[in-house]
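Asker: Quick note, the sequences are listed as chains A and B, same order.
Positions 1 to 551 (the numbering used here) are the ones given, in order, by the first sequence.
Positions 1 to 193 (the numbering used here) are the ones given, in order, by the second sequence.
Bear in mind the hints are in silico, worked out from the structure with no lab data behind them.
It cannot be assumed that every hint is accurate.
[Stated by the list, open to error] Subject to a maximum C-alpha distance of 27 Å in a straight line, what follows is the list of computed BS3-like cross-link-like pairs (lysine-lysine):
#1 275/A to 148/A
#2 97/B to 113/B
#3 89/A to 96/B
#4 96/B to 137/B
#5 148/A to 547/A
#6 89/A to 137/B
#7 113/B to 89/A
#8 137/B to 113/B
#9 509/A to 547/A
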Amino acid sequence: MEQAGARARFSPSDIVDFAIVGSGAAGGIIAKELSTAGFSVVVLEQGPRLTEAQFDHDEFGTFMRSRNANNPATQPQTFRTTASDKAQKALTLIYGRLVGGSNAHFTANFWRLHPLDFNEASVLGGVPGTALADWPITYEELEPYYTKAEWELGVSGEPGPFDPPRSKPYPMPSLPVKSSGVLFEKGALALGYHPQPTPMAINSQFYNGRPACQHCGFCLFFMCEFKSKSTSMVTMLPLAEATGRCEIRPDSYVTKIETNRDGRATGVAYFDAQKRLQLQRAKAVVLCANGAETPRLLLNSESPRFPNGLANSSGAVGKHLMFNTYFGVNAQFERPLNEFKSVQNTRMIHDFYATDPKRGFYGGGGIDARFGKYPITFALGGLPPGSATWGEDFARGLAEQFSKSMFFATHGTSLPLESNSVTIDPALKDAWGLPCMRVTYKDHPDDLKNAQFLTARAMEIAQAAGALKTWAEPVESQTQSVHLLGTCRMGNDPRTSVVDRYHRAHDVKNLFICDGSSLVTSSRGQPTETICALAFRAGEHIAGFAKRGEI
Amino acid sequence: MDLHNRRAFLRAAVAAGAAWSAADLLAVEDALAWSADQATGQGRGGFTVLAAADADVLDALASRIIPSVDGRPGAHEAGVVFFIDKALATFNSGQKKMYADGVQDLNRRAALKWKGSASFARLTPAQQDELLREIEKTPFFQAARFDTIVGTFALPTWGGNRDYAGWHMLGLEHQPRFQPPFGEYDAEVNRRR
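Bound conformation, chain A alone (with noise of 0.2 Å):
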């Protein structure tokens, strides 16, 4: 894939066909789309480029010093639980930023929604206090997608009992299962739940002309020296920029849309790597720039003819805020997982997927097998509660249980709420001088409920799976996520959502905005292939219009 004419290079002051904020999952897939329709694309990113050459297995740097990600010394964030608390400095939302996105280095769950994620809301009669809704699309008009995206981008699986239906099988086998798999399994199958290879957006073979996956570890939150993750940095962008029209900008961090007198988008103003403020024009803007920076980027692009934010008539810009749970139980077992190796994880189940009125709460989950642990990580909290925490004791015990580790993992449902949102601080200015985000978030007790019952059946999976030892990580509201889902949901109704069903924003004839801000419902816990649906289902349809003259 590598590049066959040159590379296309537009001045700011080209008017391009569109622009795109944001290289991640769904802005390379668009980017593609539209490239590849023939129109003249500019990709917009706010990080830096890099190639195989610079990726790396620096744990510290990247969780502890906000490497390839969103950094809170020159972005900084602010938080708090409920409107009524004073907000913190605080490190809240996290995402990728490089060219490529959180996609770049994502764990690489490749999940469905399943039907019922798209008509809950009417099946259930609603949650009350809650903005549950149906989408304005169904799990069959979202099908083909799917497929295409697990067929474009490179996704190894087989199918499960509770699979949604689908059009054409995994392109790839699953991956070779581990260790932490085959105990998953055993414990699951002994419960009588229904395991199953876990399906991974990393190749179990060549594909497409990247190599098979190498086992070497360092999936979560790094980047593929082997290309071997399907990424749309490595998928998709090569393709748009093949097409000689789409020129992805590094080092470009977009401040607001540019809006004229008839409320249409004219562009977008941006600093460049010199903190030179440019004005990139374009025919029609996709913000494609993840649930935290999308939102913001709209309220940041207030004017006097849309004083509370751009395409905000409804006020749900930054609303409905969803993390998606993640918590757990840690176990040891008897011999060597070495789940140092390999892909996160090779095995899941989704027997609890579906909400279940006897439960007596509202959502459901998946629950799989992983480590999750690099060696700092571990070491800071990987040993039991009560174990030593300094001299021979802790280090015999990270020397022995290093091996011997693994996590069952939950992943359950946030409820779409009013209250958990992202908001402008009103005094925070982050190293550009712009306005920060403000981020209001607290689970909903289903939500904490619905985690807790995963957590219990991860307990008992993990049991009888033969653990020596076991210990829940402790379920409570969430401070911290990389999902960031629903800020700018799609909807009919202009009034209660932010973009219609083709992703045109409803106030804005020539904005479209596809990311997790998208998302009506929160997933089951892996957003990342509807992202890629939707934006594979967006792109399609935005060149339509563009063709025929209704941008």
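Please arrange chain B on chain A, whose structure you already have, making use of the hints.
Answerer: Same frame as chain A, but now just chain B:
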């Protein structure tokens, strides 16, 4: 990752049939590796921020937080004190005073408890542990514990984890490529099939 390992990864990528060619990258990496080796070699002897006597105390302290046990390397073998020095000289400069005061306090406690002790570093491990139990709730000890963990397990480019001593301690092999079986449980299942 350090340059040696990065080269190994690039070579493996080529061998794996990566469509992109890493040949030009290898040439660059080889050139860079030489200068990096030079730099590391020079760094082994000296400290930027720490006085030698203070470095001895911190080395001893780190060695009690993650001691070498059962013949495995620990914080001393990983060169944690060099990581602490590098950190205090750069991104962690805000903790210089806390470290200086903390070292002084440990030496003072040592001299009070065992008359004539010139330094915490000269005490026996059992005596050192006894003193550390007195201060294990202090911000200084917590910072030293955190930095000992990071210095033992972070990539060697941060100044510690020498020759991947910390990763050897955990049994973590750092290789560009593994093949199944990965662990004993999947090996067992694969044998049965």
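Asker: Each hint: holds or not?
Answerer: Going through the hints against the structure:
1. 275/A to 148/A: Distance ~39 Å between residue 275/A and residue 148/A Cα, so the pair is violated.
2. 97/B to 113/B: Roughly 24 Å between the alpha carbons, so the hint for residue 97/B and residue 113/B holds.
3. 89/A to 96/B: Status holds; Cα separation ~24 Å.
4. 96/B to 137/B: Distance of about 19 Å is within 27 Å: holds.
5. 148/A to 547/A: holds (22 Å)
6. 89/A to 137/B: Roughly 25 Å between the alpha carbons, so the hint for residue 89/A and residue 137/B holds.
7. 113/B to 89/A: This hinted pair is violated, its Cα atoms lying about 43 Å apart.
8. 137/B to 113/B: holds (19 Å)
9. 509/A to 547/A: Satisfied, since the Cα-Cα distance of roughly 15 Å is no more than 27 Å.
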